[in-house]
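Respectively, the protein sequence lines represent chains F and A.
Under the numbering used here, the letters of the first sequence match residues 105 to 239, in that order.
Under the numbering used here, the letters of the second sequence match residues 3 to 39, in that order.
These are calculated hints, taken from the structure and not from any lab test.
In this text, all values refer to a predicted model and were calculated from it rather than measured experimentally.
Take the hints with a grain of salt, since some may be wrong.
To be verified - Label-pair distances were calculated between CB atoms; the ranges are:
| no. | chain 1 | residue 1 | chain 2 | residue 2 | range |
| --- | --- | --- | --- | --- | --- |
| 1 | F | A178 | A | W24 | 39 to 45 Å |
| 2 | F | Y205 | A | V25 | 37 to 43 Å |
| 3 | F | D229 | A | W24 | 33 to 39 Å |
C-beta: ideal position from N, C-alpha, C; glycine also.
Residues per chain are reported as follows:
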Amino acid sequence: MNWWLMALAFAIGLVLTGSFMVGMVTRDEPVSASGDAVEPDVPEPEAHEEAQEPEIVEPEVVAPHGPGSARPSADGTGPEGWLVKANEESKLYHSPESRSYGVTRAEVWFRDVETAEAAGFNRWDSGKSQRGMRR
Amino acid sequence: MGFFLQWSCYLLAFLLGSLVAWVIVTVTIGRTSEEDA
Numbered sequence: 105m106n107w108w109l110m111a112l113a114f115a116i117g118l119v120l121t122g123s124f125m126v127g128m129v130t131r132d133e134p135v136s137a138s139g140d141a142v143e144p145d146v147p148e149p150e151a152h153e154e155a156q157e158p159e160i161v162e163p164e165v166v167a168p169h170g171p172g173s174a175r176p177s178a179d180g181t182g183p184e185g186w187l188v189k190a191n192e193e194s195k196l197y198h199s200p201e202s203r204s205y206g207v208t209r210a211e212v213w214f215r216d217v218e219t220a221e222a223a224g225f226n227r228w229d230s231g232k233s234q235r236g237m238r239r
Numbered sequence: 003m004g005f006f007l008q009w010s011c012y013l014l015a016f017l018l019g020s021l022v023a024w025v026i027v028t029v030t031i032g033r034t035s036e037e038d039a
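With the rest of the complex left out, here is chain F (with noise of 0.2 Å):
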């Protein structure tokens, strides 16, 4: 038995599945209740000056995918009014007419179809999956 291969298969094993599941982990937004997409890196800004006023923060509209997209609320709707709904990892977009659209899970979503194609969006019958591939 080769103790060195041994050690290198446990090695591989240990890096493999480490960076795959720290790479899915790393992908969940936390999303608070107002519907805005929580910051986790942010730091708090410090306070050194004791004369700093204090700072108001606007809460800040989220378009992940430009302008027309939005993260879904705390509850998973979306803004009043928009319809399609769509999956960040497949980058598959389903409108009211997609049969899988009550069961999908909105990850953004958007105003229209046509934002939803400009932003690089696919049908959702357009077999044009993007699912498993490397981001």
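Starting from the known structure of chain F, fit chain A onto it as the hints suggest.
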């Protein structure tokens, strides 16, 4: 030692490494993201 037995040992080592990575990631990142969220 037979050829297959030897290869199953390497496969087992791979799976063991995989398991270790899974445990590490689940314990560390799982907890962190729960707190952050």
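Now the hints, each set against the structure:
Between F:A178 and A:W24 the Cβ separation comes to about 29 Å, which falls outside the hinted range of 39 to 45 Å. For F:Y205 and A:V25, the hinted distance range of 37 to 43 Å is satisfied, since their beta carbons lie about 39 Å from each other. Take F:D229 and A:W24: their Cβ atoms lie about 36 Å apart, and the range 33 to 39 Å holds.
When the structure is compared with the earlier hints, a violation turns up for hint 1 alone.
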